[in-house]
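> Start from chain P and add chains X, Y and R according to the hints.
Number of protein chains: 4
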Amino acid sequence: MKVCLLSNTPDPIKVIYLACRTCYSKLAPSEMQEVTDEKMVSLIKNTILSGHHSVLEHASFSFSVEGVSRALTHQLVRHRLASYAQQSQRYVEYKEDTLDFVMPKTIAKNYKDKFDALMKEIFKTYRELVEDGVPAEDARYLLPNASTTNIIVTMNFRELMQFSKIRLCYRAQWEILEMVKKMKDEVTTVSQFLANGLQPKCQHLGYCDETKPCGCYKFSTSALEVKSERNKLWDM
Amino acid sequence: MKVCLLSNTPDPIKVIYLACRTCYSKLAPSEMQEVTDEKMVSLIKNTILSGHHSVLEHASFSFSVEGVSRALTHQLVRHRLASYAQQSQRYVEYKEDTLDFVMPKTIAKNYKDKFDALMKEIFKTYRELVEDGVPAEDARYLLPNASTTNIIVTMNFRELMQFSKIRLCYRAQWEILEMVKKMKDEVTTVSQFLANGLQPKCQHLGYCDETKPCGCYKFSTSALEVKSERNKLWDM
Amino acid sequence: MKVCLLSNTPDPIKVIYLACRTCYSKLAPSEMQEVTDEKMVSLIKNTILSGHHSVLEHASFSFSVEGVSRALTHQLVRHRLASYAQQSQRYVEYKEDTLDFVMPKTIAKNYKDKFDALMKEIFKTYRELVEDGVPAEDARYLLPNASTTNIIVTMNFRELMQFSKIRLCYRAQWEILEMVKKMKDEVTTVSQFLANGLQPKCQHLGYCDETKPCGCYKFSTSALEVKSERNKLWDM
Amino acid sequence: MKVCLLSNTPDPIKVIYLACRTCYSKLAPSEMQEVTDEKMVSLIKNTILSGHHSVLEHASFSFSVEGVSRALTHQLVRHRLASYAQQSQRYVEYKEDTLDFVMPKTIAKNYKDKFDALMKEIFKTYRELVEDGVPAEDARYLLPNASTTNIIVTMNFRELMQFSKIRLCYRAQWEILEMVKKMKDEVTTVSQFLANGLQPKCQHLGYCDETKPCGCYKFSTSALEVKSERNKLWDM
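Residue numbers (my numbering), protein chains in the order written: chain P, 1 to 236; chain X, 1 to 236; chain Y, 1 to 236; chain R, 1 to 236.
These aren't lab readings, by the way, just hints derived from the structure by calculation.
Be a bit skeptical, because a hint or two may be false.
Because identical chains cannot be distinguished in the list, a pair is counted as satisfied if it fits within a single copy or across any two copies.
Unchecked claim - Restricting the straight-line Cα-Cα distance to at most 20 Å, the calculated cross-link-like pairs of lysine to any residue (SDA-like) are: (1) Lys2 / Asp97; (2) Lys26 / Leu99; (3) Lys105 / Glu175; (4) Lys212 / Ala136; (5) Lys201 / Met161; (6) Lys112 / Phe123; (7) Lys165 / Leu49.
Next comes chain P alone, as it looks inside the complex (with noise of 0.2 Å):
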């Protein structure tokens, strides 16, 4: 799996804050005075911890993701609020050379030969039909969901924020989770204090809201209260 950051907003930290104060000012954003990162960034804060997030939405990331999954990629594009452009198995007819296949850990614990003669298997009777005259667009039906595929995905940063409140928590699937852990990196390239945003929902939350919570993170007393007192709602 490889995950670049391929484009994103100039300047997030900016354009973010400008927004932030575009609703709160008597001023225009071309009347605005320049002010110290920091100050910017405090602003931001308070503005998100207050609830309003649609600030977070003028910035926007675009990142390759390459060599992943087309189990993974089923996932990522139920997401809506983002755009995708995927390498087509309708289109691309695939070679010895470009497909691959993604093989969980835990199937090569023990199970490592006999997925590689599978996967092999798969592959050689897709060529031997496609050679034949079988559209690529059918012979795919043969193709696992271990495929490799690449995908182009931009999502502006209030859509980043929510995906990986999902896909960052340990009960998401592994590969998933390891993409966004990709994504998170890239974006503490451009911007430390807005990757600290990409969190677990818990981290969000204050407490977990998952039927079976992973364990990694001890809850406080007060958690588990606010969490059994919120959970009333549906009662009232």
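This is chains X, Y and R only, laid out in the frame that chain P set:
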């Protein structure tokens, strides 16, 4: 202000229940046996509490909202995951009996006559211009935020819940808060269970995230601790 | 493949009609008099033809789609203005009788036995791994695009129209095209008028914009002229 | 009215090109060789003309729009696939020098003094109320549609194209049309090719679908034939 439920997904609990079960079951919807309302509600409740909200999108509610101010609708239509059909000030040319003005209580208290006189004058000028050939779409530049309008609003239940989190909060603007209360009353006629979920955000979080809490709800020490803990997120 | 209309906005024509009228009328929805179906349809038709489509969003349709391949659903869920609840390969552990495989006709022709044998072997290995403790979410990496799945799809009518423009086109992939045809059949049972609007994009445009037209529709010389004219757009 | 491009995806042509190629190529973005601008533009053009527009979403543009009326912004924010940060009339309390009023030309012609006098009176009353303790969020009920506001708008290029189809049409309201023209001018400074795509819908369709065409463009007989043909759609 008049809020009527124009239409809604029939038997929304059943549709949401089938959506929940489809995700986790070997069975297709057509193979699932009927279960009691109690069982359906119980599954939905557990699904929502664990953070899986997309199932709620399969039930929709359409409201007719009449006689609200355009101050309200300008806020309302900022909610983008919804559908709107609003009376157009470009195409509708108002006559005496078809335009009213919403007067806030804080104005009614000491300035009722002044407000009425000003509205009367504005409308007189509007009519004068229109009758002299100024297009309605331009004459409306005179019309105040207080001017009434009609709007049909369709939201799926997930969005209705999100909308309520923000606009049932006592920090929301009074007119839109009043509208959401009426929407909630309408939902109650369809399902008490679903209506229960329409709550300000503090009830979903377990604490208030506003900078200046309304003070209506007394949160426990635990809640304050959890809030202060999660506020550290962006410092990490 | 089985496609059933699970639920829909009752009396969708009336709701869409009220949405149209609300935009252009002095009257509020509650003040509007009943009119004949013919009059409602006529107003809706004129509204759509003039490019005002948002009114169509106030009617929604929920379909249960069963026994389609994951090749289909990976395409389907790329349509983002819709709601989905799909059987999870992470949470559902398939047994012999709960997983089937969709075989394309071009494969069935000469490779039926080979396809069946390969699917059998893949599934045998899947079961072997699962029974040996490999989590279902990892074992599924073996499963092919041909694997069947169930999904509940909710779209408002505007999106259903847009979806049909793309996926009822003969250049669409055969399985998803088959699904949309069945969806259209279901809509026909609710409203013949609305079903009429579910057409490939060429029928809405008046010409085909595909690089390689399917050739099924013979477009007039006028249509080809108009297409060639508008193709100059990006050269201006 | 002042429209400035605050920020945009750097090298948008390259990002869109990579998105196009990723869909149809065996290669991952990181393996693709540099090509000339001409080749990139040519691929993008063909991709768009064949109806594949999602690739355009990977480039975003943020505009600062200052001194426009709230009549304009109420129309603007109806475009839901965009992000907005608007000056709040709830939080901002206007003083003499921070609120202006947009006067339509049709009013300026014969009613300039009347307009000015009315605006002056409205604002005087607004200030009187505010100074007497009426909250700004209530006093604003007096403020007219003509009141100026500032708003930051972010749209990806696909949405910017869609937005232009509707709001660059001569049937659009004059103030928003003026704004889009200025947005287009700003896009021209980044890419003449992309700016070319910002056209009223008739230029994309090849004919005008409005009930009352503006008459500015003289469409060919072919165009009228095609329009009349496609109008039969809903009768089928």
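> Each hint: holds or not?
We went through each hint and held it up to the structure:
Only within a single protomer do Lys2 and Asp97 lie at most 20 Å apart by alpha-carbon distance; the minimum there is 17 Å, versus 38 Å between protomers. Within a single copy, Lys26 and Leu99 get their C-alpha atoms only as close as 57 Å, which misses the 20 Å cut-off; across copies the closest is 8 Å, which meets it. When the C-alpha separation of Lys105 and Glu175 is checked against a cutoff of 20 Å, the pair qualifies only within one copy, where the shortest distance is 10 Å, while the shortest distance between copies is 33 Å. For the homomeric pair Lys212 and Ala136, the shortest alpha-carbon distance between copies (17 Å) is at most 20 Å, but the shortest distance inside one copy (42 Å) is not.
In this assembly of identical chains, the alpha carbons of Lys201 and Met161 lie at most 20 Å apart whether taken from the same copy (9 Å) or from different copies (18 Å). Taking identical chains as interchangeable, the C-alpha atoms of Lys112 and Phe123 lie at most 20 Å apart whether they share a chain (16 Å) or sit on different chains (17 Å). Taking CA atoms no more than 20 Å apart as the test, Lys165 paired with Leu49 passes in both settings, with 15 Å inside one copy and 15 Å between copies.
Hint violations for this structure: none, all hints satisfied.
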